[in-house]
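Q: Sequence:
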Amino acid sequence: MAVRVLCKDAPDRTVVLVANGYALTMRHHQSSEEVSGNVQVLSIPKCIVEFTTADSIPLDEYRTLGTGLGTLGLIALAAGEVFICIVNQATNVASVRPGETVQRIDSVDFYCLNRSDYDLVQDPESDMYNSPSGRGYQGYESPAENPSLALKKLLSDGSFYYSSDFNLTERIQDRIDDPVAYNVESLDEDFLWNSFMIKPLLQLRSGLSLNDRQNLDSSQLLISVIRGFAQSLTIPASSPLFPHIESNMPSSLTVISRLSSRRAGTRFNARGIDDDGNVANFVETETILWIPPAMCFSYTQIRGSVPIFWEQEAGYLPGQQKIAIGRSAGATQPAFDKHFEALAEKYGAVHAINLLAKAKSGEAELSQRYMYHVRGSPLRQNRDIKSNSDHDILKLTEYDFHAETKTTGYEAARSIQDVIADSVEGFAYFLSEAPQGNEKDLSTAELRLLRQKNIVLQQEGVFRTNCLDCLDRTNLVQTMISSMAIDMFFAQWNGHPSPDFWMKHSTLWADSGDMLSRIYAGTGALKSSFTRHGAMSVAGSFADIRKSATRLFVNNFTDPAKQITIDTLLGLSTNQESVYLFDPVKDAVNAELTRRVNEFTSSEKIYIWVGTFNINGRREGATEGLGPWLHGSLNQLPEDPTIVAVGFQEIVELSPQQIMSTDPSTRKIWEHAVISSLNARTTKRRTTEYVLLRSGQLVGAALLLFVKKDVINKIKNVEGSLKKTGLSGMGGNKGAVAIRLDYSNTSICFITAHLAAGFSNYEERNRDYHTIARGLRFQRNRPIVGHDATIWFGDFNYRIGLGNERVRPLIESGDIDALYQHDQLNLQMVAGLAFQYYMEGPVTFPPTYRYDNGTDEYDTSEKQRIPAWCDRILWRGRILRQLAYKTAPLKFSDHRPVYATFECEISTVDEKRKEEISSRLYEKLKQQPATTTSTLLSDGEEDENEPMYPINPGLPPPSSEKRKWWLDHGLPARSTITPPLGAVSNVRRSANPFSFSRGSDWINVGRDDALSEMSEQDLRESKKTSPTSKEPFRSVGEVLSGPESLATDTHQTSKVAVSSKTVKSVKIPPPVPRKPAKLRRHSSGGTDRKTVSSNGVSSGYEMVNPSTIHPINDFQEQAYIGGAGGATTSSVSQATKSLPMNELMDSDAGTRVPSWEPIQPKK
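When the count follows full-length UniProt numbering, it moves up by one through the sequence shown with no breaks and lands on 1163 for the last residue.
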């Protein structure tokens, strides 16, 4: 059905879609920042969308932009520009059953809702000489490039399909219970590729009345698309498949392949599994045979990447791309089980066929891990892979495709049919007979019952086939399995397929394989010659060579940009926002959810241990006990750390041969050493063991991340990345390894780095830091900044800017403060040249570099290197609180290992509970008048309830005009004091509340003047409440310094008697935080302690009992609420003893200090 796309630009740009007598009107809603011209402020893109009848709109005021077949939805692109996507060309490619057609999208257009100058922008691939170009409709200069061109090219590549007749996202067997032919509410989002774009319009639909929803559906304005392949071929009636069935109608053979959108991407950008159990290149392929008048056969198979965490980098030599497994077996099993449990719930029993080669080391390692996880799956009763039980829901068949076909060619692959024959017969297939009669005369319940009665068989299991890419080998084997199922169907129902039928079957499967291969790898499938003709020709062999060469180019040069476009289409790009429909009720609900965040958000405290160690290539150190380092300060924690992050540097010698490549064998030795030490302690304490979550390595730098086994289900989106900085970014001798993760709803990033060496190369080290901070990217271009917590640790190589003749005596005397004054890292951080916004705990241990191996002596060689704090741990994030920062006495390297412990607050959002509250609020507010909803929340309430967070744990939160952190019990910041009867404020009094002037707070005015404006009732009330005692006026300074202020008083604030009425004075302002001039500690010393090693030198600091630190509310109450006579000098002094320990930077002295102290009132 044709859809007209209309537009008008004044007074506001509006786009209208008109079809079948109905109209969908859309216009962009400008935010207050956009209206004021502040384009720098990012806001959620909002649109106003209305569904009405076409005759209610003055269409003569609109101009035509184009025509189309429907819309895929709305999407916001660069600079907040909102586009609507229109399908303008499509081809009918399949007819599944009578009345069920499938269209392939050939072309789409994007129209901008908030700019008109894109209307005449040309596609770069169109004819620029014979097409109109130049200025847009309103005379604006056309932009250089339309931001929607990449999406337009992707959606027009011929791999997207839709149907207006039935639900294309589900197989026939799952559509039997649908009460109507097409129900937009039953779409399977796993295979819906425009879910992100169409979501706003589906929200609009859900808010319409039942009649309007039916009208919107009948207008067919909304299109739901899948990606993959769909095609039908006709079997002429002259070649009947079942001679005993009389029919003059032709049969049809259809193949539909649905590519999942859950872990979508290109070949080397999407591999393995994710934490939700979704695998890359997951495809559901359905073979459908329609035989008139009423018989329908269907058989479904699936394919998908090996379901473990693994990656592979694109290389320039075919077959030389190295495979890297990202997680340990213990950390992989939960995601593996999720994947197969979801398959078993949807398809029934699962028979997995693994076609990987045993002769290739990478594929052999994947196969071994695959078998290991199958043995551990709860879907298996028998742990022996080779002896599959009939009661096992999950079976695995190992079939080395390359080994089987190496000598006799691909024809030998047919031997797999003998291996899987039992499962083919046991799984059966779907078969139904279409109901006879007029279905329109039946009710929904009657139609569903009638369809169910006509089901003859149902498929009760599925084959899951994989190779490395799930393309070439997989497609050939799946074609054979489909042939086996159809053969079984014909044999059981006395059918006689002709050779022409089998040729069409092979053609459809070959075309499907080519399309899936173009989507994932950039070229058609290899071995397609055998799939089409049953034999491999010479021409087919040369075609495979050409395809392999093309894949190398595509995978290395075009796939990264294509991956970004796919992520944009699916709404997965970093900081990408969905288009938000303007809805005042929804806005009020969102504001209320912000205020009630505690109702659906919970928090928990976990502990993190972080350590760094430059082992100087001493591989033998792995056999020594690492307990003094790995178990450091753990006994001071209430429980074992949930996360352990270990950073190593120089695990291999940095020779010229090593710096250009990475050898993982040494890293695995240290992985085993660390996990053995950690679990030896957990075994002794009978606590949960640790598992290796992920590791990464860049030549000599390695990062190992361990977590408790019982929290694996809370961790998602674990990603790793590397950044080289050596040899101008070409060498891996220097650089960083990073791992990020989401723990519930909290994001944490760990980075271990090895920066440039050399005493005077601090500027190069600064450049290395900025190169890593700006250039290191995780998946979907996610940067380091933006995480809730970030911890940097490693060998930063910053030195002490003094000579040996001064450094070594200061170390011997224990004057760490004097050394720290000249620490290069400290000075660069103070100057803002490196590690901006990061913090470091108090450095109370001696320099960690350079020692003579095996001794406590600093370098005694000819070079006599100056000792320095090369090994450091820095952090940022308000959810972190450092508890310890120490060194450990391991002596086999020329460095000393350093470690730190942290307390981390994790937030968890109960999405189900949040949705329940949101729905309840929406229904409640929707019933209220519009004026009530729009004024539900005032600006004052919104500001007052806005959460305020301290810049650092232990410090008070920031203040605002309406809230001061030192005011108790939620008192407003603005004064609520009223003048006493007959008095006004003394404007001549000094503005300084700590001054000792004789001026009073209030002065009397004439009684007649004061009473002239008061009513008799007010006078009577004032006489009743006025006490008889009188006291002279006193200033605030007198109150602080006079003896009256020290007298016993049961009131919480000081009092000033004015005339015959006692009134409360203004509260004393809080002490102003200031930074001490040099590194020192509070006199109380109750929250931390120095630890001393066996040689009498401090090895760091640690919190004695983290739980005893007073929170800021306790501090407020002690300092400004309790006490006699209000906030006196002595009470303020006593309050400082309960201040929490923290560290700040002294910009004057150029040091980082462990605490802050208040300024006392001067006398």
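Among these hints, one or two may not hold up.
Subject to a maximum C-alpha distance of 25 Å in a straight line, what follows is the list of computed DSS-like cross-link-like pairs (lysine-lysine) [claimed, not checked]: (1) K684 with K912; (2) K605 with K346; (3) K863 with K914; (4) K714 with K338; (5) K199 with K46; (6) K562 with K152; (7) K346 with K863; (8) K199 with K586; (9) K668 with K891; (10) K199 with K360; (11) K891 with K863; (12) K924 with K586; (13) K346 with K891; (14) K668 with K605; (15) K338 with K863; (16) K891 with K912; (17) K8 with K322; (18) K199 with K914; (19) K406 with K153; (20) K322 with K605; (21) K152 with K199; (22) K914 with K924; (23) K912 with K716; (24) K406 with K358; (25) K684 with K716; (26) K504 with K605; (27) K46 with K863; (28) K924 with K338; (29) K8 with K46; (30) K406 with K322; (31) K914 with K926; (32) K338 with K709; (33) K346 with K322; (34) K199 with K926.
Cβ pair distances, simulated, as ranges [claimed, not checked]: (35) L379 with S209: 28 to 36 Å; (36) E639 with R777: 19 to 27 Å; (37) D859 with K716: 30 to 38 Å; (38) D817 with R618: 50 to 58 Å; (39) H770 with A403: 36 to 44 Å; (40) E246 with T407: 48 to 56 Å.
Because the hints were derived from the structure by calculation, they are not lab data. Keep in mind the model is a prediction, meaning the values are calculated, not measured. Glycine included, each C-beta is placed from N, C-alpha and C at the ideal position.
Q: Take the hints in turn and mark each one as holding or not.
A: Status of the hints after comparison with the structure:
Restraint check: the Cα-Cα separation between K684 and K912 comes to about 39 Å, which exceeds 25 Å; the hinted pair is violated. Straight-line distance between C-alpha atoms of K605 and K346 comes to about 38 Å, which puts the hinted pair past the 25 Å bound. Of the supplied pair hints, the one linking K863 and K914 is violated, its CA atoms being roughly 64 Å apart against a limit of 25 Å. Between K714 and K338, the direct Cα distance comes to roughly 13 Å. Compliance with the 25 Å bound is thereby established for this hinted pair.
Restraint check for K199 and K46: satisfied, since their Cα atoms lie roughly 13 Å apart, inside the 25 Å limit. For the suggested pair K562 and K152, the alpha carbons sit about 12 Å apart, so the restraint of at most 25 Å is met. For the proposed pair K346 and K863, the alpha carbon gap of about 69 Å is over 25 Å, so the pair is violated. Pair hint K199 plus K586 holds up; C-alpha atoms about 15 Å apart against a cutoff of 25 Å.
For the hint linking K668 to K891, the alpha-carbon distance of about 22 Å falls within 25 Å, and the restraint holds. Annotation: proposed proximity of K199 to K360 is violated, straight-line Cα distance about 45 Å (limit 25 Å). Taken as a hint, the K891 and K863 pair is honoured in the structure, with Cα atoms around 20 Å apart against an allowance of 25 Å. Distance hint between K924 and K586 is fulfilled; the C-alpha atoms sit about 11 Å from each other, no more than 25 Å.
As the CA atoms of K346 and K891 are separated by approximately 57 Å, the hinted pair breaks the 25 Å bound. For a cut-off of 25 Å, the pair hint linking K668 to K605 is broken: about 31 Å separates their Cα positions. Restraint check for K338 and K863: the C-alpha separation of about 58 Å exceeds 25 Å, so the hint is violated. A distance of roughly 53 Å separates the Cα atoms of K891 and K912; the hinted pair therefore is violated under the 25 Å criterion.
Restraint check for K8 and K322: not satisfied, since their Cα atoms lie roughly 55 Å apart, outside the 25 Å limit. For the proposed pair K199 and K914, the alpha carbon gap of about 19 Å is at most 25 Å, so the pair holds. Of the pairs offered as hints, the one joining K406 and K153 is violated, with about 40 Å between alpha carbons and a cut-off of 25 Å exceeded. Distance hint between K322 and K605 is unfulfilled; the C-alpha atoms sit about 39 Å from each other, more than 25 Å.
At roughly 19 Å between alpha-carbon atoms, K152 and K199 fall within 25 Å of each other, so this suggested pair holds. Straight-line distance between C-alpha atoms of K914 and K924 comes to about 15 Å, which keeps the hinted pair within the 25 Å bound. Restraint check: the Cα-Cα separation between K912 and K716 comes to about 18 Å, which is no more than 25 Å; the hinted pair holds. For a cut-off of 25 Å, the pair hint linking K406 to K358 stands: about 13 Å separates their Cα positions.
Simply put, K684 and K716 have alpha-carbon atoms about 29 Å apart, too far for the 25 Å limit, and the pair is violated. Between the alpha carbons of K504 and K605 the distance comes to roughly 62 Å, so the proposed pair goes past 25 Å and is violated. Of the pairs offered as hints, the one joining K46 and K863 is violated, with about 66 Å between alpha carbons and a cut-off of 25 Å exceeded. Restraint check for K924 and K338: not satisfied, since their Cα atoms lie roughly 38 Å apart, outside the 25 Å limit.
A distance of roughly 19 Å separates the Cα atoms of K8 and K46; the hinted pair therefore holds under the 25 Å criterion. Restraint check for K406 and K322: the C-alpha separation of about 23 Å stays at or below 25 Å, so the hint holds. Restraint check for K914 and K926: satisfied, since their Cα atoms lie roughly 18 Å apart, inside the 25 Å limit. Between K338 and K709 the CA atoms are separated by roughly 16 Å; this keeps the pair inside 25 Å, and the hint holds.
Of the pairs offered as hints, the one joining K346 and K322 is violated, with about 34 Å between alpha carbons and a cut-off of 25 Å exceeded. For the hint linking K199 to K926, the alpha-carbon distance of about 21 Å falls within 25 Å, and the restraint holds. Range check, L379 to S209: about 46 Å between beta-carbon atoms, so the 28 to 36 Å window is missed. One distance hint, 19 to 27 Å for the beta-carbon pair E639 and R777, is violated here, with the actual separation near 34 Å.
Restraint check, D859 to K716: a C-beta distance of roughly 46 Å breaks the suggested window 30 to 38 Å. In this structure, D817 and R618 break the distance hint of 50 to 58 Å, their C-beta atoms being roughly 32 Å apart. Here the CB-CB span from H770 to A403 is close to 51 Å, at odds with the stated 36 to 44 Å. At about 49 Å, the CB distance of E246 to T407 agrees with the hint of 48 to 56 Å.
Checked against the numbered hints given earlier, the structure breaks hints 1, 2, 3, 7, 10, 13, 14, 15, 16, 17, 19, 20, 25, 26, 27, 28, 33, 35, 36, 37, 38, 39 and satisfies all the rest.
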